[in-house]
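Participant: Residues per chain, in single letters:
There are 2 protein chains.
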Amino acid sequence: MLGQRAATFGRFFRQKRNFNKLAGAGTDYGHDERNYSYYKYAYIGGAATVGLLGYKSLFRTAKLDHAHEDKSVKKLENLPMYKQEEVKKHGKDADRIWVTYKDGVYDVTDFISMHPGGDKILLAAGAAVDPFWALYSQHKTAEVLEILEGYRIGRLDVKDVPKAEPDAFSNDPERHPALLVRNAKPFNAESPPSLLTDHFYTPNELFFVRNHLPVPDIKTEDHRLTVETLNGKTIDLSVDELKKKYKSYTIGSVIQCAGNRRADMNQYKKVQGLMWEGTAISNAEWTGVRLRDILADAGIDVFDEKIKHVHFEGSDLDPTGTPYGASIPMEKARGNEVLVAYHMNGVDIPRDHGAPLRVIVPGNVGARQVKWLRRIIVSEKESDSHWQQKDYRAFSPAVNMGDELKWDTVPSIQEYPVQCAICTPAPNTKVDRDDGTVDISGYAWSGGGRGIIRIEISVDGGETWSSCEMEQEEKQDVEHMYAWTLFKAEVKIPPGVKEFNIIAKAVDRSYNTQPETASGIWNVRGLIHNAWHRVPIIVKD
Amino acid sequence: MLGQRAATFGRFFRQKRNFNKLAGAGTDYGHDERNYSYYKYAYIGGAATVGLLGYKSLFRTAKLDHAHEDKSVKKLENLPMYKQEEVKKHGKDADRIWVTYKDGVYDVTDFISMHPGGDKILLAAGAAVDPFWALYSQHKTAEVLEILEGYRIGRLDVKDVPKAEPDAFSNDPERHPALLVRNAKPFNAESPPSLLTDHFYTPNELFFVRNHLPVPDIKTEDHRLTVETLNGKTIDLSVDELKKKYKSYTIGSVIQCAGNRRADMNQYKKVQGLMWEGTAISNAEWTGVRLRDILADAGIDVFDEKIKHVHFEGSDLDPTGTPYGASIPMEKARGNEVLVAYHMNGVDIPRDHGAPLRVIVPGNVGARQVKWLRRIIVSEKESDSHWQQKDYRAFSPAVNMGDELKWDTVPSIQEYPVQCAICTPAPNTKVDRDDGTVDISGYAWSGGGRGIIRIEISVDGGETWSSCEMEQEEKQDVEHMYAWTLFKAEVKIPPGVKEFNIIAKAVDRSYNTQPETASGIWNVRGLIHNAWHRVPIIVKD
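Protein chains in written order, with UniProt numbering: chain A, 1 to 541; chain B, 1 to 541.
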């Protein structure tokens, strides 16, 4: 079934996303009336302006199907009240799938096969659809609500939901339920791979989150950004002053955790760290002012050879009151692309992503893009923060678990090497041989602004390859590409096999490539895993 | 035997090269009287100020050995006259090894095992030692000459050496006989791997040569460099004016052919092109003026957004009169590191390397570093030269031999990805198990100024790794490393095997790594092969 849906998804992709010559590449892809028949029942997630017609057609079908049951005229007062924990039992692996919307409880089991977005509806199984509908707004119509009401089985009792004990993290923000939580406190969660390639710019709610400490709760009007020169002189700016004083720029730029795909490396050989799978990475449009302009305004000569590094300090504090910190080389800091950002995808940066100010260092690892930015310091030395000196450095495979870690023998990670991963289908997806093909989607990206020049797929272990279609930001050229490249391909199911691996790999503008396996890049901290991505697929005959 | 020598070489390396904290890193490594005993009979090549004592001790031994034959008192007039072609028959595979020095002919067969430089003497077998002695000047002493005279068997008849037919290449310069010629016309030759890691800066005579056309013969005083602006305005400069007008800079920088290691890729699967092995790469110190300064002087605003590329035109012409040409992006051209050079390792650039002017584009592929530079043009577009548009672009492995080559679907190669190769021992070297270890040496380098942060060796196919000692230029930091990294290691011969592979691979400052095999990077033109380098070794029990 997923194979079928995937194929439809592929067709949708081709028609609506204008791959390889994308203009704008936002969430609004426009639509073309002539092609409606193709995707009437196809996937609608991620394309805010299309799919409504799909739902409308479906609406007619659904009413017809359920008319004889007369569910649509059920009286609300006769329906039972369910507690949240009861709903939770009807998750994606249950016999009957329930969801809630506002205070309604719905058994949608019989609707799943008709859902235009396919089994993505299961992301909300046993829970609320509200946060998903907030992202895929085509649901919010009278027709869709009427369909939903046809499946109502009761009302949600929202009283008596047990509250968590207060702790340092109690004031963390609400998060979208589709995020895949790898650690709750501090909050670390991946973007859901099944939704990630729907959007060229990841919606803020689905953007992966990597926090090291509790999330600060900052009133924008109270926030000050301090800039400190070599002589110890400082200037400080409110967010408002910063916006007024300097020209604003917008840049599409990826943030990727240095530990992305660590779980993969751990399968090769055990490593230490948070077991990120393949989506500790997201892409957004950031708006802010150039770091260089702020430095110049503080009287700092950005070509001063004594200044080697620029440090950033966050407002997030550890229990001793020490803030998160990191630094980047001055040569990077004075580039056009480095911003002190206040907008993420056109709105104020959300709390989890650094409200009100975050430094964006396009092409570098996430750890240097300090959130809740409160202080900038120029220096002859790198930041002496724990995260610059004793973390985010990748050792040699000659250094084994239990060996002494000599941190000063390896440089701090700044630019990322070329990365590529398949997002759909998921590992161990079962496909029908009769489908003939499997549609895949994924992302690729490289550090230092090195654009992706191609992505290749193999289903025979790397003996032969085929090229993928790529979606890139038109504003960025191959020498300055900080946003990611999305890709898709339709791969033939190889004959005579019960299972096979889909392998994806990318090449960047400097012809950097990825290693076949983790053999040569394995490191005790499981950082920067960029071996060929392999997704095992099971073939049903 | 080689194993033994290699071990000695390794010890020499450790004591005299001051690896990892090298000051100056030139050819003069100083010497330390206290350690002389260690390398008295050790390898002397490459260390101009050491080894003499080794030769002096040897001199005494040699005189003793040969005294009873009284060869040293042979009368020259009684000795036979040999033609060059007769000498040639006594090459490295002959029963008796002959060499010449000036007009003397010597049978050195019995001396080889005593030669302080080991079997490197065989590089001159059947030919003249003169060009090697020019590089390793410790030979030029009365004592060494006296040893040599002990082996004299005759005089060289230099008359009647057949001259080649005149053609477009007849006026090409003389070349060092140690160069490994891959193509004679145009001249393309690798550096000899057994000598390459002797020198941090490759001696000009041993620097690999990649010519596309006959070598121009330019009188420096007549040469003009023309610079053309967007409006078609030009300035022109003599070499002397250029030297006087602009500040000079010196930079250590590698030149590597995009086809280096193509023969290796060809073994994976057939490719087209010159079958370079692993030493189409060399490293020199270049002195010249900044390209940026010349452009500014010509009235060009290097931040003008209309100017995207800077073109270079050589003085070497194809039969239609079209010059060799290439271009680089303006962003690179305005960097500190790009020079119009007139000196190579402190002397005028030799003819084969671009006399009198060559553009040096540190971190980029050799093909863009145009020799015999006569014209600079700023432009909105890339150079339309054949070598920019229809060559030096690496296709996907999905494009096979015989497929149409759509050149505009792949970008021109500029920066090089991370590269690494073992230079010694040679492939299929036989080692004695009793030696226990094998000493290896090699080079690593990456494009874009990304310094090498480590080099690892495996003798078990990549299961386990050990780190190598590295020699780097102290003046260059890891963010701006354009010179190469030499490395050495002592690897244990694995137990119970008749043969094994030594694998070497490197990691650059952006944590770029090399792929295990050519599987994912194979391309029809065999360009940029940077898979793990494997050297098979045979173990004699």
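Hints are computed from structural coordinates only; laboratory data are not their basis. Any given hint might turn out to be false.
No distinction is drawn between identical chains; accordingly, a pair holds when it is met within one copy or between any pair of copies.
Under the rule of at most 27 angstroms between Cα atoms (straight-line distance), these lysine-lysine pairs were calculated in the DSSO-like manner [said to hold, decoys possible]:
| id | residue 1 | residue 2 |
| --- | --- | --- |
| 1 | K381 | K475 |
| 2 | K492 | K406 |
| 3 | K540 | K92 |
| 4 | K102 | K159 |
| 5 | K244 | K498 |
| 6 | K492 | K159 |
| 7 | K492 | K102 |
| 8 | K102 | K390 |
| 9 | K247 | K308 |
| 10 | K243 | K89 |
| 11 | K244 | K102 |
| 12 | K159 | K244 |
| 13 | K245 | K233 |
| 14 | K269 | K492 |
| 15 | K243 | K540 |
Participant: All hints, please: hold or fail.
Facilitator: Against the structure, the hints come out as follows:
1. For the identical chains of this complex, K381 and K475 are inter-copy neighbours only, at 18 angstroms across copies versus 35 angstroms inside a copy, given an alpha-carbon limit of 27 angstroms.
2. Proximity of K492 and K406 under a CA criterion of 27 angstroms is satisfied inter-copy only: 24 angstroms between copies versus 48 angstroms inside one chain copy.
3. Taking the shortest Cα distances, K540 and K92 sit within 27 angstroms of each other inside one copy (22 angstroms), while across copies they are farther apart (64 angstroms).
4. Taking the closest pair of Cα atoms, K102 and K159 come within 27 angstroms of each other only inside a single copy of the chain (14 angstroms); across copies the shortest separation is 103 angstroms, beyond that limit.
5. Taking the shortest Cα distances, K244 and K498 never come within 27 angstroms of each other, neither inside one copy (62 angstroms) nor across copies (73 angstroms).
6. Taking the shortest alpha-carbon separations for K492 and K159, neither the intra-copy value of 52 angstroms nor the inter-copy value of 70 angstroms comes in at or below 27 angstroms.
7. Neither within a single protomer nor between protomers do K492 and K102 lie at most 27 angstroms apart by alpha-carbon distance, with minima of 43 angstroms and 69 angstroms respectively.
8. In the homo-oligomer, the alpha carbons of K102 and K390 never lie at most 27 angstroms apart, since the shortest distance is 46 angstroms inside one protomer and 62 angstroms across protomers.
9. For a Cα distance limit of 27 angstroms, the shortest separation of K247 from K308 qualifies both inside one copy, at 25 angstroms, and across copies, at 24 angstroms.
10. For the homomeric pair K243 and K89, neither the shortest alpha-carbon distance inside one copy (48 angstroms) nor that between copies (81 angstroms) is at most 27 angstroms.
11. Taking the shortest alpha-carbon separations for K244 and K102, neither the intra-copy value of 41 angstroms nor the inter-copy value of 79 angstroms comes in at or below 27 angstroms.
12. Taking the closest pair of Cα atoms, K159 and K244 never come within 27 angstroms of each other, the shortest separation being 46 angstroms inside a single copy and 86 angstroms across copies.
13. Proximity of K245 to K233 under the C-alpha cut-off of 27 angstroms is restricted to the intra-copy arrangement: shortest distance 19 angstroms within a copy versus 40 angstroms between copies.
14. Only between protomers do K269 and K492 lie at most 27 angstroms apart by alpha-carbon distance; the minimum there is 24 angstroms, versus 31 angstroms within a single protomer.
15. In this assembly of identical chains, the alpha carbons of K243 and K540 never lie at most 27 angstroms apart, being 58 angstroms within a copy and 74 angstroms across copies at closest.
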